[in-house]
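Quick mapping for you: the protein sequence lines, in order, are chains R and F. Using the working numbering, you'd call the opening residue of the first sequence number 4 and step up by one each time. Using the working numbering, you'd call the opening residue of the second sequence number 4 and step up by one each time.
For the record, the hints were derived by calculation from the structure and aren't laboratory data. Do not take every clue at face value.
If chains are identical, the list can't say which one is meant, so a pair holds when it fits in one copy or spans any two.
Straight-line C-alpha distance at most 25 Å; calculated SDA-like pairs for lysine to any residue [claimed, not checked]:
(1) 49 x 109
(2) 11 x 106
(3) 11 x 27
(4) 133 x 109
(5) 133 x 80
There are 2 protein chains.
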Amino acid sequence: MNMNPFEKGCAWIEGEYVPIAEARIPILDTGFLRSDVTYDVAAVWKGRFFRLEDHLDRFEASWRRLRMQPSLSREEMRAILFGCVARSGLKDAFVEMILSRGVDRHGVRDPRRFENCFYAYAIPYVWIVKPEEQQLGTHLIIARDTIRTPPQSVDPTVKNFQWGDLIRGQFEAYDQGGHTAVLADADGNLTDGPGFNLFACHDGTLLTPSHGVLQGITRRTVLDLAEEKGIATSVTMFNAQVLRAASEIFLTSTAGGVMPVTTLDGRQVGEGKPGRVTLLLRRRYWEAHEEDGWTTSVEYPSHA
Amino acid sequence: MNMNPFEKGCAWIEGEYVPIAEARIPILDTGFLRSDVTYDVAAVWKGRFFRLEDHLDRFEASWRRLRMQPSLSREEMRAILFGCVARSGLKDAFVEMILSRGVDRHGVRDPRRFENCFYAYAIPYVWIVKPEEQQLGTHLIIARDTIRTPPQSVDPTVKNFQWGDLIRGQFEAYDQGGHTAVLADADGNLTDGPGFNLFACHDGTLLTPSHGVLQGITRRTVLDLAEEKGIATSVTMFNAQVLRAASEIFLTSTAGGVMPVTTLDGRQVGEGKPGRVTLLLRRRYWEAHEEDGWTTSVEYPSHA
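Just chain R, same shape as in the assembly:
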């Protein structure tokens, strides 16, 4: 009998660890009311954080770009992430860190004067495409009625919750019988989709969009692993026509890893099953989650 109150997840809110179902933030937090907030997500797999320092680096770059300043040090924030995972007992976890602009406690409406607020939580590992669906490959569409918010409006390299364009794309996918959508920019260059980066194998080279996209850690890992395997890569802008001619397509995310795509706009991609390069990189991606160089062990309490 498991009596751990954190078994479904553990959050850290204003100095206390709380069960995820009880974790709440002030309704007046401008992280909610203005989406004035940044975040990052790291995975724990088989009891080990994957590339945690890279996630902490990106998180810091994000909050610095937004001119925020946490009241906690990096070491304190890192310890809280470990604390959430350890209390939950979860061996495979989705671990989110959030820095919000905070509450306008003095009615000044001046975000420079708010006390920024750190939140964190660990919940069971999240899959954008579930493992059983990854066997067959997922169904991608290219959004037609929605373009990606341009970097001149909202900087996609600052990881953010402003998913209005991505959610519109997701509804377009549902309407067309797809699972998810990739968005193009105003010039027709493909960017990314709800929570993932895009990869395509084209003429023997692995392509991924260069601009207007999140600088994904999984994306970077896949580029690293492709180099290790001698696969040519190109970080470049490309359009729908190039994607339609791809022999393989996959999506990357901390929430699901390397996810094969087997239909694009309802048409078969390559041979209609997860491709050779995709499967090779997916295997290496999960192997890396057990290798010392990429990972940091979580110490769980003995009762967990």
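Following the hints, position chain F against chain R.
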């Protein structure tokens, strides 16, 4: 001695009225984690809601566009808004209604299957430009490094919390010694700013941008009152050059009404004080807040 626990504001969260300082939402609500949410704000002035049905109409149009469905009827939501104001005892209040996509309770990552969640709160009336600053007029800049998120990405007529572009603009304003900023679109046409619509008097006509902007209720009220006063209006796109040539500039919002602008990019607008048309419309705007045709009385409990 006032012992009312709601005197600083009253929220309605999941079926209960709570003091605003205790009002919290689940951290896992996708209204926060994805900014998948819409809202509206109505003002109460001298104990009367202003154009409440118009706010409820716009709110409904917004949630329908996002394919949400509240579990409460319009009548129930309206009663909750009155309930928040009545309990707070506030005669001048800022009353916000929110419909969020809600929590992914079953780990399906499919927003069509989440139970949408209504929240509401009343707090003391909010001023984007405080009354004493309105006497002198505020300081506006035109953002140079940030463009307004285009409607093809996020529809601005669906009132939303995705303020990343607007907050960037606000920081640009601070950096240049201004109070707030108006953003242009990719073609250089002016749109709106953080929480307000833009108006300019130019060659005897009152201009306000037509596209890529929130369909503000205060904006509409000002257009109605201008018509009443025989002032020519034009809802049209115009650029920075036109704005620089304006004899008067003002901003409109439920949070502050008709707010005169007396410097643009550090240069004096018109005679450097709130203009004749601006002051006329501001006076009529506040008079309308006490007129039966525009307003609905709140019934306060006798102890409030």
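Hints violated by the structure (listed by number, smallest first): Number 5 - this is the single hint that the structure violates.
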